[in-house]
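Undergrad: Single-letter residue listing:
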Amino acid sequence: MPSSRTLKPAPVSVGVSIPKLEAGEKVTGRARYVDDIAVPGVLHGRTVRSTVARGRIIRVELDPAFDWRGVVIADHKDIPGENVVALIADDQPLLAADEIRHAEEPILLVAHEDAERAEAARMAVRVEVEPLPAALTVEDALARTALVHGDDNVFKEITIERGDVERGLAESDLVVEGEYRTGWQEQLYIENNGMIAERDGDGLLVRGSLQCPYYVHKALMRIFALAPDRVRVIQTVTGGGFGGKEEYPSMIGGHAALLAWKSGRPVKIVYDRLEDIAATTKRHPSVTRMRVGVMKNGRLVAVDADILMDGGAYVTLSPVVLSRGAIHAAGAYRWRDARIHARAVATHTPPNGAFRGFGAPQTLFATECHLDRIAERLGMDPLALRLANAVRIGDVTPTGQVLKESVGAVDVLTRTAAMADWTRTRERLTRENAAAAAHETRRHRRRAAAPRPGSAPAPSARRLRRGIGLSLALHGAGFTGSGEVRLASRAAISLGADGRPVILTANTEIGQGTITAFSQLVGEALGVPPSFVIVHDPDTRAVPDSGPTVASRTVMVVGGLLEQCARAMRERLELFAETPIAGADEFRRVAKRFLRERGPLKIERQYEKPPGITWDDDTYRGDAYSVFSYAGCAVEVEVDLDTGETTVLNVATAHDIGRAIHPVLAAGQVEGGTVQALGWALLEDVRWKDGRVWNHQLTNYIIPTSADTPPIHVEFVDDPYTYGPRGAKGVGELPMDTPAPAVVAAIAHATGVRADEIPVTPERLLAALAAREKS
Amino acid sequence: MSRIAVTFTLNGARRRVRVAPMKRLLDVLREDCALTGTKEGCGEGECGACTVLIDGRAANSCLIPAVHADGATLVTVEGLARRGGALSALQQAFVTMGGAQCGICTPGILVSAQELLLRSRGRVPGDAEVREALAGNLCRCTGYQKIVDAVRAAAREAMPARARAARRAPKARATAKARRTAKRARRAR
Amino acid sequence: MRTALSTLAVARPRDLAEALVLMRDGAGRPIPIAGGTDLLVYLNAGTQKGDRFVDLRSLAELRGIRAGTDRFTVGALTTFSEIREHAALARRFPALAAAAAEVGGRQIQNRATVGGNIANASPAADSTPALLALDAIVHVRSSDGARVIALDRLFRGYRDLTMRPDELITAVELPFAPERSVQFFRKVGTRRAQSISKVVMAGVLRLGRDGRVDHVRIALGSVAPVTLRARAAEASLAGIAPSPVASYRARAALMDDIAPIDDIRSDREYRRAVSGNVLEQFLRSADPRFARG
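Residue numbers (UniProt numbering), protein chains in the order written: chain W, 1 to 775; chain D, 1 to 189; chain P, 1 to 293.
Treat the hints as calculated values from the structure; they're not laboratory data. The structure presented is a predicted model; accordingly, all values stated were derived computationally and were not measured.
In silico SDA-like links for lysine to any residue, alpha-carbon gap of 25 Å or less: (1) W:689 - W:137; (2) W:774 - P:249; (3) W:218 - W:83; (4) W:774 - P:255.
This is chain W alone, in the form it adopts within the complex (with noise of 0.2 Å):
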């Protein structure tokens, strides 16, 4: 476990938690997100929405009483270029011209140099809206009752097979079947969706909290018909993404700098959490039928997945998220024979988007939950179930990847099993449920001690059961498929005139050590301190293009290119010298020798493959990813029979990433993770109201707060990966994934209810558990 004790400045950097680089500025509250940024002159903008879900807009009217002057008033007739935010499919406009897909679709923009004034004009203008029906679920889509997108509202359908599903049922012993439905979940970020656009020349300048620099740098160049140049998109200290903050910056950057390109004043648009959470992105909700074949011994032969997932109205990256879900559908087992049939589908709902897993928590939520069922038809063991079939160095993919290093299953669960103590703490939860059923059934003939007055119930009074349940799941890092050759990543260090290196890439610091780990990586190739290192903001003008901070990627793929970098220069300075170096001060002699006498230096790398790397779009054959992270993961929870609430008690889970870069960090992504998964296993509910959010509020979308969250104990597995840098692979979303279905079995066996949609709310838990009870 990584231990606060190991935090001395040691030469050596990767793979010591050194105190992170970025937080001096945010404990002192000095750190500069995009509201604490004083613009002279600034406007603020506001954003008026569909209140429907489908429709056309007849017309718009400005409240002739209210007082215009001083507003500027934005619609789609005032986009110099393209009405798109461009991404994958550029279905998307930036503003509705007539049609309405979506309830807060974005139709008109004002803004004020007084929020107030800016605000009221939102109320002010009234949108005329000729409803129309609307596909509001994936049932009323699929069975076209309107249609929001092609002729049959699905935006992407993908098939995997593996050798003869069918063949494969019939031979087994046993065919289990199951449906597994997820909710959706917001990201919920603390800092909400924000961006300052302004003219800079014949260009435009835009900042602001998001992930992707280049996304909103691409999308402004169509929404402006500007040539890359004349772009300039810089990253603020941004409070939390999670995906959240991946696509939408370009549609509400795209918002700010359309009113400040008509202004000529600079605009800040800062949602408020309503805002935020009514019309921005979710976690695709999910349906997810799983047939499995089995033989008596536990073998798993065959896996028959059909998934569904809500795209909502728009393209967006539906087709990546549905990719990743489906590649991750078989889990981390082996099979000989597997049909993976998944589709996005269209409903006119907000577009659905990232979210930390990106569709594989979605689908591992389905298996895991599968798997605990077979166990328990085969009475086995869950734990003997999943050791038995979890993947091993040679096994192959549904795709046909062959896995060849680095393979961590087997060592995550067996830790998580030894963390978590599972076969006794079973055992022993087994008992105490028994004993507490037996208590409560006995009559009370004769009165017990006299309580003590006191307002908490006596612990006899409270009906609570406890249950332990596990987890295993793999998470590909970096890009799906050809993803990250596609993408053609280009990562640079640059000597800045003090003679200190400067990291040059697209990469954001959104929380999770972006900047800390990078300075390690760099600093020990170079042979100088982490803290000698500087990295450059994300800005488009002074960074190359090294992708987004997203897909687990940034450490395993934009990490590597640096550490390539980082012995070019090295081996580049030392030639010059003529002699070895080691340390910041010789560093910096003959950085700046080196730059009087031979001028700048730059060191550039381009994203390569690893060798033997493969992968077909058209048939989804080959390697999805170049390797696996592998997790495991136990919870004990305690269920209140009276009111269905569930409390989890203790987290235990063991995670392979290859080698932590910085335990400190990599265990404060796992137990972050785990968290959000445990909101989204237990409390996080989207609720609905004609195609709304209802819960747009923090009062009533429930995430955990300190005193809900359970201690989480973390461990990593070392098994280095050859093409990581150090032997890193990708953390961010492996720990999203085992938590939710690890809290359904733990529910199951305080209960012997099993929950097969999550949240598993309190009202769904004692309506399951009273029907039981009648049954």
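Using the hints provided, position chains D and P relative to the given structure of chain W.
TA: Positioned in the frame of chain W, the structure of chains D and P alone reads:
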């Protein structure tokens, strides 16, 4: 509408501002006092990112009208550092132990933790006690573990040296710690 | 912030008498501000009506906790932190102390007041079920004079009070619960802290020397347009000896007391089931012979 004069002590210095009486203290701090360390996360008292100390008590500055700050003593995140600007033990613990990730909740959490440390002076609050005290501050990055650890480490730091030495157990402590924390939490629930 | 706060006017009376005059004469029915923790939420969402306010916070007459020989009197501006931390009060009224500890997070408890919680009249208020179960008496005052109202006569309908608009709550009087009685408080929300209740219940129960219930109060929140006393459930228990049947009957009677609805936080069925379950839990905790076999 008319403005009123509001006077308060902010991070040790007297301040006087003329503001609308219902202006939120959050906005008074950010706009009129140019202290942007106090953040807005929800505007409805749920997330705690705007937490400040008002007369020694943690409060959501998004729910406090300017009139209620009149005559008050306020401390914001900018007022937590030691004299001369060195980080306090609490701030330092957040830096070294990974208590701050994206950092947007950090100012509010530090202020709530500061109130807890004031309340429990001379004593290291237990894991469950810290979790309860911080339940009005939402964090979406850390899963709270490193925050709880950092607050307890800072409390340990603040204890008199002798008391600290008396508490210090042999080296086995580190490994035993995780098990004990779990047991404690189980008992607490 | 969806309300133009700069357009709102606040009067700042120096004492209660001046506040009462403002409440009487203020144009357009002014709205009193105590802790502000609910008011600012409504303003943020743009749902608060009215643009004139009277700030009560500096009124010393509305502060303080006074202990008497058979009762406590709690000033309307007493915060939930003050209640929570007042050892003698918490010892006498553990149900109220427990409620105070579950009103929002610490930041809310430090500002929100008991008078505000009553006057706001939310059906989901955390403290009023405890106050109802404790037979709290509300002291109100207007420029015409003072009067007292039993708390359970105060709530007329959804966010509708039997107080006049010009009246202010000045204090809450809490008679000691009967000796040897047991108090109970349970809030059921979605998460452990900082949540709005789906069901909240407080209770006080005592068994007489003859082993029969001679004092019982049951009050609930979030199950009707107002927080309320469960009179039918109380009646079913009065004079009854603890038994599983008594528990079952009380539960059945409780269903006549409550009228929960489906809303943004929960649904009718859940609230009915949980109200019954928590009532049984209360009874079991008061005496194990209530437990159903």
